[in-house]
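Trainee: When you get a sec, could you build the whole thing from the sequences and use the hints?
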Amino acid sequence: MNDEKLDRLLSERKAIETPPHLANNIIHNALSAAKSNSIQNILCDVLGFKPAVVMALTLLLGLAIGTNLPQEELQTTTALSEFYDDIIDEGNYL
Amino acid sequence: MQPDYTTYSDNVLMEAIVLQHHLAFSELVNRHSSRFFGLAYRLLNNVADAEDITQDAFSKLWHNPRSYNANKNIKFTTWFYRVVTNLCTDQKRKKKPLPLLDATSENLMSTEISADEHVARTQQHERIERHIQALPTKQQIALNLCFYEELTNAEAAEVMNIKLKTLQTLVFRARNTLKQTLQLDGGNHER
Numbered sequence: 001m002n003d004e005k006l007d008r009l010l011s012e013r014k015a016i017e018t019p020p021h022l023a024n025n026i027i028h029n030a031l032s033a034a035k036s037n038s039i040q041n042i043l044c045d046v047l048g049f050k051p052a053v054v055m056a057l058t059l060l061l062g063l064a065i066g067t068n069l070p071q072e073e074l075q076t077t078t079a080l081s082e083f084y085d086d087i088i089d090e091g092n093y094l
Numbered sequence: 001m002q003p004d005y006t007t008y009s010d011n012v013l014m015e016a017i018v019l020q021h022h023l024a025f026s027e028l029v030n031r032h033s034s035r036f037f038g039l040a041y042r043l044l045n046n047v048a049d050a051e052d053i054t055q056d057a058f059s060k061l062w063h064n065p066r067s068y069n070a071n072k073n074i075k076f077t078t079w080f081y082r083v084v085t086n087l088c089t090d091q092k093r094k095k096k097p098l099p100l101l102d103a104t105s106e107n108l109m110s111t112e113i114s115a116d117e118h119v120a121r122t123q124q125h126e127r128i129e130r131h132i133q134a135l136p137t138k139q140q141i142a143l144n145l146c147f148y149e150e151l152t153n154a155e156a157a158e159v160m161n162i163k164l165k166t167l168q169t170l171v172f173r174a175r176n177t178l179k180q181t182l183q184l185d186g187g188n189h190e191r
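Chains as they are written, first to last, in this note's numbering: chain Y, 1 to 94; chain F, 1 to 191.
Everything labelled a hint here was simulated from the structure, so no lab data went into it.
Remember, it's a predicted structure, so these values are computed and weren't measured experimentally.
Note that the Cβ used here is the ideal one computed from N, Cα and C, for glycine as well.
All the given hints hold, so there is nothing to weed out.
Below, computed lysine-lysine pairings styled on DSSO-like, alpha-carbon distance capped at 27 Å:
(1) F/K60 / F/K94
(2) Y/K5 / F/K165
(3) F/K179 / Y/K5
(4) F/K138 / Y/K5
Derived DEER-like restraints, expressed as beta-carbon distance ranges:
(5) F/R82 / Y/N29: 21 to 29 Å
(6) Y/H21 / F/H118: 24 to 32 Å
(7) Y/D3 / F/N86: 28 to 36 Å
(8) Y/N24 / F/I162: 31 to 39 Å
(9) F/I74 / Y/P20: 28 to 36 Å
(10) F/T137 / Y/D3: 20 to 28 Å
(11) Y/D3 / F/P3: 44 to 52 Å
(12) Y/N29 / F/Q180: 42 to 50 Å
(13) Y/M1 / F/A120: 14 to 22 Å
(14) F/N64 / Y/E12: 37 to 45 Å
(15) Y/N29 / F/G186: 41 to 49 Å
(16) Y/P20 / F/K60: 20 to 28 Å
Mentor: Next comes the structure, spelled out in structure tokens:
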């Protein structure tokens, strides 16, 4: 087989379709993890919670969301999350 | 008013990312995620793994942007190719390659062609892929960087952190092996 034929065969492998939501997923996941860390920092640094308590709260919150909270409690959780989002976005916690 | 990050160079974006500017990170991801996904996919031959590796690499970048030292005079893409190839190499060590052709590869064939043509292309694709995946990892990386990512030999050598001569030898060996194995495996079955 000569170089030309090999190049032709190799170039048939060239096109790759990137999953359409890849970039959005990367951005969403990286930034959500950062936001979650920021919330933990607020609870520790500003509100004076102990790290172990914050970890426990984070776990409980994760469990609660994962196990379908009743609607009224879910609204409270969402409101709390939005409250922290606002604080973080405005940089007020500093 | 937010700056228009689309006009900024990668290095300027990285400076903004060090300051945790979300939009700079988003721009960098939008600009480069396809290219690095492509490399990961060619090295791992699996969409899910390639997505995970790309996500992991960008996540590490966001959480530890100082690991890219722009003062070292290395292009962002060169450095990030290195990050992605290292993650892929680790992944390949951990995991045996999966059967060839997953959803994305199938999608590549989904243009309007006859069933026979589709089968012929799929078989051809599988054969090429099988032989490339059988190459030693370093040869695969060298071939992918030079042929598919269209880096110069010097850039590919920098990504792999090897001498130019070594890179050239890796590409030469990869091509020679492929010529022989494809020939033996009926590589001259013309469509």
